[in-house]
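Let chain A serve as the given structure and place chain B on it in line with the hints.
Just so you know, the protein sequences line up as chains A and B, in that order.
Sequential numbering from 1 applies to the first sequence in our numbering.
Sequential numbering from 1001 applies to the second sequence in our numbering.
Honestly, the hints are just simulated from the structure, not real lab data.
No residue lacks a Cβ here, since even glycine has one placed at the ideal position from N, Cα and C.
Just so you know, not all the hints are guaranteed correct.
Stretch by stretch, here's where chain A covers chain B in the computed footprint (C-beta under 8 Å, at least three residues) [claimed, not checked]:
1. 1055-1069
2. 1074-1085
3. 1098-1112
4. 1167-1178
Take a look at the letters that make up each chain.
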Amino acid sequence: MNTLDFSIIFQFAILLFDRNIQCLYEDQAGTFDWRQQYVGRAQFVEYIQGGQSGTRIIVGTEQNVVAAINGKNGQIGWRQVLEKGPSGHINDLKVSGNYVVTVSAGGEHIRCFNAISGSLHWESSIPGALPSHPATIQIHGSDLVAVLSYDRIVAYNIEAGNELWSLALTDSTKVKYSYLAFSEEVLYAVGISDRSHVSLNSVRLDGTEKTSRSVAAVWIASDNKCSILKGSHLICVDKNSGILQILSLANGVNFAPLVLQDVKVDYNKVSFPNLQLLGDPHSPAVIAVEVGDQEYVLVAVENGMARVVKHLPKVAALQVMGMGEQWLLLTARRSDNTDVLNVFGSDLLTGSPVHELSHSLKYPIHHGNPQRLYGTLSKLRDGSSGLSLLTCGEDHSLVLLTHSGKALWTREEALASILSVEMVDLPVSQIMAKMEDEFGTNDNILQMFLKRFSTQLSQLWTFALQLKHRLRIPRQHHAGGSISETERMSEEDSDDDEGLDETYLTRDEFNLHKIIVVVTGPGKVFGLDSNTGVSIWKTFYPSLGTFHRIDRDVLLLFVQRTTAHFPHQPVCTVLGKDKVSGLPIMFSFHPITGLPSESAPSEGRRLNYKIVNAVMLTQMDEHFLHPIVVMDSEKKFHVYPQSDVDLVKQFSASLFVFTTDIETGIITGYGVELDKKQQLIGNPLWTVDTNRNLQAITKVVTKRALEHVHSQGIVLEDRSVQYKYLNPNLIAVLTEGEEAQQKASAFFSVYLIDGVTGNLVFHCTHKKSKGPIQLMHSENWIVYNYWNQKQRRMELAVLELYEGTRQSNATAFTSFHPPPPPIVMRQAYIFPGHISALATTITEKGITSKQLLFALETGGVLGLPKLLIDPRRPEVLSQEAREEGLVPYLPELPRPADHIINYHQSVFNIHGIHTAPAGLESTSLVLCYGLDLFYTRVMPSKMFDVLKEDFDYFFISSVLIGMIVVSVITQRLAVRKALNRAWK
Amino acid sequence: MKTIVDSVRTILTILVVVGRPSSLSPNLGAAASEVGPEDGVSFGGGGGQRFLIEGKVSIPYTTDQDWVPTTRVVLDGGQYLGFLKNDGSFTASVPSGSYTIDIAHPFYVFDSIRVDITSKGKIRARRLNNIQPSLVLTIPYPLKIKAKGRASYFQQREQWRITDFLFSPMVLTMFLPFVLLMILPKLINTQDPETQREMQQTMGILNPKQSLPELSEVFTKIFGGGNNAKKAAKSKPAKKRS
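With the rest of the complex left out, here is chain A:
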């Protein structure tokens, strides 16, 4: 087959499915979708003052992003997303003039970006760089950039980007070179040799080595934290004794110890003191030593001698800044559990307070404590200097506070690390709730009539009000998808009085408006408005840490009670582990308001055992609450709320749990039983060993509990029915491994296991194929992608399971009497692109055909109909197949641009797609999350249940009216004619 044939068939295929799927019109862009762009948690922050583009804040983040943020409004000026994972990890970032220099992966990538436009100026790479060994950068003057990697120093010209010289360091296998500093015309590179000595190398600016010597330091460990102060002194902390050790780089022979007098280091809270360099190269030599939780000691170094300047017992963050000739110390701390941040300014050397820098600033409690401060001074009109303070919060947020006491802008960077998402229905309006209240009460007829009458009257009244309101304000359309991810002051102001209309947060006609509850990595939980993406509430749980599972962090989010059970309040619960103790911790809250649930303690429920598994039951108790069942490492079961233990005992015979041990590769299934003390305990029923020596489990995927499957089978062309194998207990296990005999040949396997009995339903292995693999499990099919090593292309495989033409049990599926092994149909396709996340749409009743959503590495999110990923696609299109509506098999899947659901709103590093049903059967709500967020609605079978928005009402009504008019007139004429005829 030649390529021409392919293209023709392609067009045919595209035409065929184009009719089935909804594409966007240009004027629809941004009407129901939104995108938010983030940078992640800032690791490096540099200011670029003034210039024609105003103040720019250059950040390098944990999410491997280099970006410039506009100082005025907090919007992203430009953003460059570096490589994912360790090869893009930013080790150091420095700014010089209009250039931003970054080094990542230990020197594998050195990049210089233009600070104004964000385009690359030059890039380079140090041969032999080790990604595991962080590299550092120092800039001398305005042109020389020195980079210290694992075993060498390389110098570049910042303007031209050419390598000036490169110097190999000696003994780099034993000595860990980590510190680099310029001191006038000499460059020092300092390395640590574990438990032995410190190596000092001094290099002249032209790259010739000046001296190389070592200083004995038996106490030093390779993971010690050190700092070079002003290019002249090396300061290290002795991990064991907590003594500061100071060494002059130029001529020091021995370390000079400094005992921190009168200061008790609390080793329970800090493993060993952190060092924080303060100020810039021109400021006095001062270093802050973090000796406890929010406790610092300020140490100044003069003439090789160190002395304690100040002990700061209660300070969250501190910063040294210059004001004219004066050097100031800025400290900040939150006044106990309020929204106020107290900032104090004092002279660094004398300690006398500076009143114009001391402010009480509003810093909402949901930011936690500030972790770092970056203060700048600007001259105001009246001659005084105004402080603007950039704070990096515990919740990863970036807030620019001004001396007026308000936040100029806020960036919620926690949203760049979303771990769990749930979309929660809004409650019905009060009137609707009253209407529903009518049912289930035993009033007499008159009362009921009056109640009905009054509620309907008030309904009419609110309708009239709404109509009036709508007429007054023309409908608001927000500008095409580019909602600012920064929240403006107006939003901040609305904290005081609820700016939102009371009726705004009620369910709309088609239940399209929802609250997206989002749990993020730092432990901050948001309630986002699905219409606009603005957060309606946010709560920060400082103690909430994440579980680590296989290769990613996990926080569990359960919707224990939805809004459907008025007057019971909805409840969401997040389960994580305590950051300090490592034991599980649970928080329950109201998903619409974010307030803690009345029934649960607001400071969280701490569980005093190690958690193995946690599930939410589909059954409800008498208060319509789904209990959460937690299994601990002793195989005991705990039920939350505890009052529901009896309910769980009642169901225990039909309750099965499985656990996966990644370390041993063993999957174990448990039944729930009652022990002698009437406690719930797990009884191991089955185990499956995936043979850890050969392969490792990388994914375990179950079906979504919410999913409805509308049709039990598919009708074939001979009018017989092929029944689907709909086992709700089926789990898909993915294992990856390397071929033993053949080097560099990977393989992976997919196991389908019945989660109740452990019965292996199906298994297949792909040789010469490797990950990253995404796997999706829905209805009776499984879809996964992999990299075919032999053909060097991405492929997508689909498995569909059928019971056959007879259904063994039409009423309910039972794993104990399973149907005969299912017929497995499978097919694979070439996928034109790389997939970072995979999901399928979900609708209210499951009638709408499915659409598969692929987040591509190039920034798009592709939506393809399930029709194209159907193992029954025939190679030759027969008459029967055509009758069934099958598309002929083509090796490569298409990637038409109009099926990119986020059109030109590119999103990067997407690691999850959450879909939720709307009230309309045709519509599914989609949130793609990763570094960026994108939300939209998709209609996989077009909007079959609502008139299209461009429906021509005018045309239809004019035709209708015309017909009526014509029929009336012709009737008249006919009557007249008949009369005339009668007269003749």
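For chain B alone, kept in the frame of chain A given last:
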């Protein structure tokens, strides 16, 4: 219990050995005879030698440079990245192997390219062909990548046009005969004796059985109809005469 567990385990191990993906991969005939080096050879921690892939991206549709910072050069789905300089050129340092290169820009579409680098550093670029990976259609190296065009993300909204309405089959079937009925007689000058004669002739040809009496007339003759019948009978010859 233990026996079940063991049996499951043995079944599994057997399956691991026996299980083979036979029908799964898209069957495309002959295995490709690979020219490039085998992919997936692990280069531990950047220890291997690295080579530079060079290229230049251009978008002929715009004159400003705003597109430069928003364009990314994605190698093997983001394993390696290239960033553009102001003039659109990029480099990417990679170990030897075979790489797919995609240019990602929100508004423009580019062709995908495959670049093969031998272990000695010889670089060859070719058009990406996923269906026949062995097919080599080399393109010049260093790469010069031009945008194919703007991505059409949106459907065109249907607009109401008079021509659409007029040429719809319903309108055609209803109005065309009507138009013919109304306009055609007007086109022919019925006053002209020449044409009248002509028409009569054609009518005569069309109605060869004109001499046959009409059925209604026969019946009226039989059952008697008085004046009416006479009139009708009279009118016939009159018509004939003219």
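Hints the structure violates: just list their numbers, smallest first. 4
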